[in-house]
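Student: Here is how the chains run, residue by residue.
Number of protein chains: 2
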Amino acid sequence: MGGAVFEAAELGRKISREEFDAMAPALRTDLLDLQQQLRTADFPVIVIFGGVDGAGKNETANLLNEWMDPRWMVTRAYGRPSDEEADRPEYWRFWRDLPPKGKIGMFLSSWYHRPLLDRVHEEISVAEMDELLDRIVHFEKTLADEGALIVKFWMHLSEKAQKRRLKKLEDDPLTAWQVTATDWQHWKMYGKFTAAAERMIMHTSKGHAHWHLVEGADPRYRSAVVLNTLKDAIVRHFEERGAAQKVAAELKRPAPARKAEKPKALLAQPSILSSLDMTRSLDGDDYNRQLQELRGSLSLLHRKAKERGMSTVLVFEGWDAAGKGGTIRRMTNALNARDCQVIPIAAPTEEERAQHYLWRFWRHLSRAGRVTIFDRSWYGRVLVERVEGFCSEAAWRRAYGEINDFEEQIVEAGHVLCKFWLHITAEEQLARFSQRGEIEYKKWKLTDEDWRNREKWDLYEAAVNDMVEKTSTSIAPWTLVEANSKAWARVKALRTVCDALEAALRKRKTGTPKG
Amino acid sequence: MGGAVFEAAELGRKISREEFDAMAPALRTDLLDLQQQLRTADFPVIVIFGGVDGAGKNETANLLNEWMDPRWMVTRAYGRPSDEEADRPEYWRFWRDLPPKGKIGMFLSSWYHRPLLDRVHEEISVAEMDELLDRIVHFEKTLADEGALIVKFWMHLSEKAQKRRLKKLEDDPLTAWQVTATDWQHWKMYGKFTAAAERMIMHTSKGHAHWHLVEGADPRYRSAVVLNTLKDAIVRHFEERGAAQKVAAELKRPAPARKAEKPKALLAQPSILSSLDMTRSLDGDDYNRQLQELRGSLSLLHRKAKERGMSTVLVFEGWDAAGKGGTIRRMTNALNARDCQVIPIAAPTEEERAQHYLWRFWRHLSRAGRVTIFDRSWYGRVLVERVEGFCSEAAWRRAYGEINDFEEQIVEAGHVLCKFWLHITAEEQLARFSQRGEIEYKKWKLTDEDWRNREKWDLYEAAVNDMVEKTSTSIAPWTLVEANSKAWARVKALRTVCDALEAALRKRKTGTPKG
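Residue numbers (my numbering), protein chains in the order written: chain A, 1 to 515; chain B, 1 to 515.
It is possible that part of the hints are untrue.
Here are the computed lysine-lysine pairs in the DSSO-like style, where the Cα-Cα straight-line distance is at most 27 angstroms [what the hints assert, rightly or not]:
| no. | chain 1 | residue 1 | chain 2 | residue 2 |
| --- | --- | --- | --- | --- |
| 1 | B | Lys206 | A | Lys101 |
| 2 | B | Lys101 | A | Lys206 |
| 3 | A | Lys167 | A | Lys14 |
| 4 | B | Lys206 | A | Lys206 |
Note that these hints are calculated values from the structure, not bench results.
Using the sequences plus the hints, can you model the full thing?
Tutor: Have a look at this one:
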């Protein structure tokens, strides 16, 4: 297991040779077409590959070089600075190699190399790494402000998969030379490497240049993802610059449409949600016993936390009828009502609409020692607002970084933060809706809106997967709760909160200073 | 003298009571009008006051409150956090107080307070301050991305002026209470305070929220500047959001035009250029003796620098016919031709046009031990490109920060950087143009373009003043050269380079590590 952000890239996604061969010709034609259109465009494309050794950075770059027209494409990789380079400011060599307008530049071990590896080898402190990352953000912003399209791929392998991959290369006499002592040395530092990489990704994923996380274990899968993502990014950039039509007209051919369907083989991949074991459940006796125990623990832990002035923030998100309300009640019953506040988030009030969308969540953060439970939350921005088009695409894409920043401040202030996604299957939701329709005292719970939302299940599911991928940070990870069984869901949520409180109390005791 | 950035706010600018009274009614009407239009606008206005004690932060905020409609305006100031506030993440209190859309929020001692004062009192390191500043940049970016207009004023007083101001308040029995022991304590830390403030201003002046430096010695002058700048900023923001016409139409009154003339009293103020003593000159004997001496020194110093692998970058900007070429030749004559490269910057080549505008300067940075002389430079972006409209307003406004970032990297790499603006008066230029027209072998130097540029003297002068104000940082200050006397100019430039080399060599000797 890597850091929390990387879980979404350890799902074992694969594409068969047949599937890949079926999608390849169209994809390749699209990319070549785009490359031709780029030639007269007024911006360069900068593609960056980073990631774990063996996750396919070089192979993917090679494939791109093979597929596309090399005349309009340059590839750069950087080792130790040459004498020439060491004599000048560090970024001199990167500036020199930037692609001009109309060309694609691919960078392997780019400006990200030094901050990451120096941190892994503890040659620089976290604060020093942050300063180097800050320079990267400014550099990329400077390029993006002038129109450059920047697409960054982080190729990921789990620790196990990396080992398998290195072994496999070693065992084959034809590829054994590719595996160096350094590779194994890096593998031993896997934990350090992914921790530093996570920080790097979080700090340098900006609206103008965010990272795409790619599961790197299967060569065909990762190639398909990179090629598709690059294609989408170029098409979107043309659209945003309003240049697509113009260029297409000049070349007398139609601009590729962004909405063109994703290859089926990519749509059918397991996701973080689909990889949950939805058969998990708990029988009545077990449930009652564990519930009692956990509520006792929560009550006790909360009292200790309160004494130490430690606040708790719980976030509940989930499908309609997933059982958020019931789970929340199991929490509040264990707590003193004076110490606990449930904030139901519905449409914003007039006052709230006149403010930044995060304002209404900031205002509800409670004082030291209290528990604040958000029944739906700031994640509305990247769920309902995204799906229903209540905010622009630029706004919800920006929001991931804004939310991570917000949660970082909550955690830095010493609060305990748990985030839950209560997951049920579409079938289970239908069953619960029908039941609600039949039972008189539950009818009020079922609205037309619930049925409308249900029609957009796929869109919501894609939004949830993106949300978890981009906001499950090591300081504020998501807990995905298999909630087809209400008993299981309640117990898992309670246990997660207890564990988090216990860990925080232990940490506080050993004297880690607040903030 | 404060840090280099603050020189532009120590010019003794003043406005008489009559002048102020003459401009006040129109300005006040405009501001009230804008405030009315704001009420239905879809963005809030955030005004931040920072600066030296006694430079008029509070008085200016009070004036704004007095002039404008208090119903659509809130003022906030922050002391030590209350219990309520200390229990929550630091930014909770700032979020809570943000003005809603349509309102103006004025912040005194805002989110800038803690990073600045903690640094002045050395409670945090420079790296820690940078991290706090980074949070500020993200915070303001988050607000600006949703449309907020952020206007930041830094009110400046020179060390002497601050002392005078505090004395004056103390001497008057009616105002003596305003001066506290803390004020005098701060005054004693003036140097530290301005050094930290400069770093803060450089790091937090972004395209979406840059600082306006205001000379605070004269109450009428500083009020006029703040009120005018605020008005301009609001009008520009309406324009940029394309909302001005819409709102104006709803209110059935014309939108105030941005191009409305600045009050004459503000236009007539001394500037950094106008405050130069243009009578400075050097007679022939003195000139020859000093020139010989300095060229000897330069030659010697350069050899030492070369041994230590230290590079030098010289930037020459100035009016047409100000004598850049002659001054540069006096430098190169003293140096070994192999070690020295003059880069004349004219219109970019086709290859250069296909890149980011900074690319062509990065590429010319020379190796360790060399001297690179730029005859015109990256400052073209904020001079000729601004004045001639070759780039958008957003682009040249952004450029100040990009240039500071670029120069920071040059200096961090251990290079010595000197920037010269060769200044002549309009009369002197005319005389030189006429002379060129008459002397056969100098005719080629005079082009139609020179005459066209001359017609835009005022626009260029404004651009130069802005350039010096925004890019004269303590690590890369501008040297303004009074060049009506060519002898004086050459000697001053040579001496500046020698001094800079000597200082850098001394510093290197005492073992400050490179980079």
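Student: Which numbered hints turn out to be false for this structure?
Tutor: Of the numbered hints, all hold.
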